[in-house]
Amino acid sequence: MTGKKSSIDLLAERDTPVREKLAAPGRKDQVAVALRYLQGRDNAPILAAKGQGSVAEQILQVAFAKGIKVRQDSDLAEILMAVDVDSEIPLEAFAAVAEILNYIYRINQIYGTQDRASTTDNDKISRLVTTDDKLQEPPHDA
1 MTGKKSSIDL
11 LAERDTPVRE
21 KLAAPGRKDQ
31 VAVALRYLQG
41 RDNAPILAAK
51 GQGSVAEQIL
61 QVAFAKGIKV
71 RQDSDLAEIL
81 MAVDVDSEIP
91 LEAFAAVAEI
101 LNYIYRINQI
111 YGTQDRASTT
121 DNDKISRLVT
131 TDDKLQEPPH
141 DA
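Residue numbers (our numbering): 1 to 142.
Any given hint could be a false lead.
As the list claims (entries may be wrong) - Here are the simulated distance ranges between beta carbons:
| hint | residue 1 | residue 2 | range |
| --- | --- | --- | --- |
| 1 | Glu-92 | Asp-42 | 32 to 42 Å |
| 2 | Val-55 | Ile-110 | 27 to 37 Å |
| 3 | Gly-53 | Gln-109 | 35 to 45 Å |
| 4 | Gly-67 | Glu-99 | 13 to 23 Å |
| 5 | Asp-29 | Tyr-111 | 29 to 39 Å |
| 6 | Ile-110 | Asp-29 | 14 to 24 Å |
| 7 | Tyr-103 | Asp-42 | 15 to 25 Å |
| 8 | Val-55 | Gln-109 | 31 to 41 Å |
| 9 | Lys-66 | Gln-109 | 32 to 42 Å |
What the hints contain is simulated information worked out from the structure, not anything from laboratory work. Glycine is no exception: its CB is placed at the ideal position from the N, C-alpha and C atoms.
Kindly generate the complete structure, drawing on both the sequences and the hints.
What follows is the structure, encoded as C-alpha coordinates:
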(Lines of atoms letter the chains of each structure in order from A; the text may use other names.)
(Lines give C-alpha, C1' and ligand atoms only; values in the text may rest on other atoms or scores of the structure.)
Protein backbone atom coordinates (compact mmCIF):
# COMPACT_ATOMS: atom_id res chain seq x y z
CA MET A 1 0.00 0.00 0.00
CA THR A 2 1.48 3.30 -1.07
CA GLY A 3 -0.55 5.37 1.37
CA LYS A 4 -2.62 6.77 -1.49
CA LYS A 5 -6.37 6.53 -0.85
CA SER A 6 -8.54 4.50 -3.18
CA SER A 7 -10.97 6.55 -5.24
CA ILE A 8 -13.52 3.77 -5.27
CA ASP A 9 -15.28 3.92 -1.97
CA LEU A 10 -18.89 3.40 -2.80
CA LEU A 11 -20.35 1.82 -5.89
CA ALA A 12 -23.96 1.77 -6.92
CA GLU A 13 -25.02 -0.49 -9.71
CA ARG A 14 -28.34 -1.29 -11.30
CA ASP A 15 -30.54 -4.02 -12.70
CA THR A 16 -29.05 -7.45 -11.93
CA PRO A 17 -27.14 -9.28 -9.22
CA VAL A 18 -23.36 -8.88 -9.27
CA ARG A 19 -22.59 -12.49 -10.11
CA GLU A 20 -24.83 -12.28 -13.16
CA LYS A 21 -23.28 -8.96 -14.19
CA LEU A 22 -19.79 -10.37 -14.02
CA ALA A 23 -20.93 -13.35 -16.08
CA ALA A 24 -22.36 -11.10 -18.81
CA PRO A 25 -19.43 -8.97 -20.00
CA GLY A 26 -20.10 -5.83 -21.98
CA ARG A 27 -23.79 -5.51 -21.13
CA LYS A 28 -24.58 -1.98 -22.28
CA ASP A 29 -27.29 -1.24 -19.68
CA GLN A 30 -25.07 -2.18 -16.73
CA VAL A 31 -24.18 0.91 -14.67
CA ALA A 32 -21.80 1.44 -11.74
CA VAL A 33 -20.74 4.54 -9.83
CA ALA A 34 -18.06 5.03 -7.20
CA LEU A 35 -18.08 7.63 -4.44
CA ARG A 36 -15.30 8.93 -2.24
CA TYR A 37 -15.74 10.68 1.10
CA LEU A 38 -12.81 11.66 3.29
CA GLN A 39 -14.06 12.84 6.66
CA GLY A 40 -12.48 16.16 7.57
CA ARG A 41 -11.45 16.90 3.98
CA ASP A 42 -14.52 16.57 1.76
CA ASN A 43 -17.62 18.69 2.38
CA ALA A 44 -19.78 16.03 0.77
CA PRO A 45 -19.29 12.68 -0.97
CA ILE A 46 -17.56 13.04 -4.35
CA LEU A 47 -18.33 11.04 -7.49
CA ALA A 48 -14.99 9.30 -8.08
CA ALA A 49 -15.94 7.17 -11.09
CA LYS A 50 -18.91 6.18 -13.20
CA GLY A 51 -19.41 3.91 -16.13
CA GLN A 52 -21.69 1.85 -18.29
CA GLY A 53 -21.23 -1.59 -19.85
CA SER A 54 -17.64 -2.79 -19.72
CA VAL A 55 -16.52 0.28 -17.71
CA ALA A 56 -19.15 -0.52 -15.07
CA GLU A 57 -17.86 -4.08 -15.02
CA GLN A 58 -14.30 -2.82 -14.43
CA ILE A 59 -15.48 -0.61 -11.55
CA LEU A 60 -17.11 -3.64 -9.93
CA GLN A 61 -14.04 -5.82 -10.47
CA VAL A 62 -11.83 -3.22 -8.77
CA ALA A 63 -14.27 -3.03 -5.87
CA PHE A 64 -14.29 -6.80 -5.43
CA ALA A 65 -10.50 -6.97 -5.70
CA LYS A 66 -10.21 -4.38 -2.91
CA GLY A 67 -12.78 -6.16 -0.73
CA ILE A 68 -15.32 -3.34 -0.95
CA LYS A 69 -18.88 -4.47 -0.30
CA VAL A 70 -21.45 -4.10 -3.09
CA ARG A 71 -25.01 -2.81 -2.89
CA GLN A 72 -27.54 -2.30 -5.68
CA ASP A 73 -29.63 0.87 -5.78
CA SER A 74 -31.02 1.62 -9.25
CA ASP A 75 -32.49 4.99 -8.30
CA LEU A 76 -29.28 6.22 -6.68
CA ALA A 77 -27.17 4.99 -9.60
CA GLU A 78 -29.44 6.81 -12.05
CA ILE A 79 -29.14 10.09 -10.11
CA LEU A 80 -25.37 9.77 -9.79
CA MET A 81 -24.81 8.96 -13.48
CA ALA A 82 -25.91 12.56 -14.22
CA VAL A 83 -23.14 13.97 -11.97
CA ASP A 84 -19.72 14.92 -13.34
CA VAL A 85 -16.76 12.90 -12.05
CA ASP A 86 -14.88 14.72 -9.24
CA SER A 87 -18.05 16.65 -8.31
CA GLU A 88 -20.03 16.56 -5.06
CA ILE A 89 -23.16 14.44 -5.11
CA PRO A 90 -26.45 16.32 -5.61
CA LEU A 91 -28.72 17.18 -2.70
CA GLU A 92 -31.33 14.60 -3.75
CA ALA A 93 -28.78 11.80 -3.23
CA PHE A 94 -27.74 12.85 0.30
CA ALA A 95 -30.33 10.80 2.23
CA ALA A 96 -29.50 7.53 0.45
CA VAL A 97 -25.74 8.09 0.64
CA ALA A 98 -25.93 9.16 4.31
CA GLU A 99 -27.71 5.91 5.17
CA ILE A 100 -24.96 3.90 3.47
CA LEU A 101 -22.15 5.93 5.08
CA ASN A 102 -23.77 5.53 8.50
CA TYR A 103 -23.73 1.76 8.01
CA ILE A 104 -20.03 1.87 7.04
CA TYR A 105 -19.08 3.94 10.08
CA ARG A 106 -20.88 1.49 12.39
CA ILE A 107 -19.13 -1.49 10.78
CA ASN A 108 -15.76 0.29 10.98
CA GLN A 109 -16.32 0.97 14.69
CA ILE A 110 -17.19 -2.67 15.35
CA TYR A 111 -14.60 -4.37 13.15
CA GLY A 112 -12.09 -1.60 12.46
CA THR A 113 -10.96 -0.55 9.03
CA GLN A 114 -9.01 -2.99 6.90
CA ASP A 115 -5.89 -1.86 5.10
CA ARG A 116 -6.04 1.55 6.76
CA ALA A 117 -3.38 1.33 9.48
CA SER A 118 -2.24 4.93 8.90
CA THR A 119 -5.74 6.41 8.85
CA THR A 120 -6.65 8.83 11.65
CA ASP A 121 -10.14 9.61 12.95
CA ASN A 122 -10.19 12.84 10.93
CA ASP A 123 -9.12 11.11 7.72
CA LYS A 124 -11.37 8.03 7.58
CA ILE A 125 -12.35 6.77 4.19
CA SER A 126 -15.79 5.30 3.71
CA ARG A 127 -15.93 2.20 1.57
CA LEU A 128 -18.93 0.47 0.09
CA VAL A 129 -20.24 -0.69 -3.21
CA THR A 130 -23.93 -0.86 -3.96
CA THR A 131 -26.47 -5.07 -5.45
CA ASP A 132 -30.01 -6.10 -4.72
CA ASP A 133 -30.55 -3.64 -1.82
CA LYS A 134 -28.50 -5.61 0.66
CA LEU A 135 -24.82 -5.80 1.38
CA GLN A 136 -22.88 -8.66 -0.13
CA GLU A 137 -19.42 -10.06 0.17
CA PRO A 138 -17.29 -10.15 -2.98
CA PRO A 139 -17.65 -13.42 -4.90
CA HIS A 140 -15.13 -16.04 -3.78
CA ASP A 141 -14.76 -17.49 -7.27
CA ALA A 142 -13.55 -14.22 -8.85
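These are the hints, each one checked on the structure:
1. Glu-92 to Asp-42: 32 to 42 Å: With a Cβ separation near 18 Å, Glu-92 and Asp-42 fall outside 32 to 42 Å, so the hint is violated.
2. Val-55 to Ile-110: 27 to 37 Å: Since the Cβ atoms of Val-55 and Ile-110 sit about 33 Å apart, the hinted range of 27 to 37 Å holds.
3. Gly-53 to Gln-109: 35 to 45 Å: For Gly-53 and Gln-109 the Cβ distance comes to about 37 Å; the hint holds.
4. Gly-67 to Glu-99: 13 to 23 Å: holds (21 Å)
5. Asp-29 to Tyr-111: 29 to 39 Å: holds (35 Å)
6. Ile-110 to Asp-29: 14 to 24 Å: At 36 Å between Cβs, range violated.
7. Tyr-103 to Asp-42: 15 to 25 Å: Cβ of Tyr-103 to Cβ of Asp-42: about 18 Å, so the range 15 to 25 Å holds.
8. Val-55 to Gln-109: 31 to 41 Å: holds (33 Å)
9. Lys-66 to Gln-109: 32 to 42 Å: Given a distance of about 20 Å, which is not inside 32 to 42 Å, the answer is violated.
Hint compliance for this structure: hints 1, 6 and 9 are not met, and every other hint is.
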